[in-house]
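Using the sequences and the hints given, assemble the complete structure.
In numbering that gives the first Met the number 0, the protein residues as written are 0 to 141.
Check each hint, because a few of them may be wrong.
[What the hints assert, rightly or not] List of simulated lysine-lysine pairs, DSSO-like, C-alpha gap at most 27 Å:
(1) 14 <-> 76
(2) 140 <-> 122
(3) 115 <-> 140
(4) 62 <-> 14
(5) 1 <-> 14
(6) 40 <-> 62
(7) 140 <-> 76
(8) 76 <-> 55
(9) 35 <-> 1
(10) 117 <-> 140
(11) 1 <-> 40
(12) 122 <-> 76
(13) 35 <-> 14
Keep in mind that the hints were calculated from the coordinates and are not lab data.
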Amino acid sequence: MKDYNVDEWIRLFEKEHRTLVWIAEYTGVCDRTISKYLRKKGINTRKNQYQKNYNKFVDEWIKLYEEGYSTIQIADKYRLNQHLVYEYLREAGINFRGAQPFQRFSMYLEEWIELKKKGVSLKDIAATYNTTRQSVASYCKR
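Dropping the structure here:
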């Protein structure tokens, strides 16, 4: 049996309200393994049990959305599912702008163009920004 830092997982999950997926990415341990060990400690890892913990972020999400961030960008910033952010904003009464094409990575466009000019491949740019080569190509074409 491996020596896991379960107490750290508990702290991240309960005190910092991190998702199992976030903890898995952060620690390099499979989210199912983390879930199994947390359940052994009596912690309910069901998503709906902890959704209420995101209420403390709603005011900040509203501010970001009103500043022009998309729900996808907000979700990426908090390493959450876009639908979860959308639902909280909808419940808060936000009037949505509708889909904005090419918004998810628009803040990186100038960087990508510069990297491309320096000879960095689209594949390498995509890997650095956790997206696909095709997304980088589409953004750089605009």
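> Failing hints, ascending?
Replying inline: Hint check: 6 fails alone, others pass.
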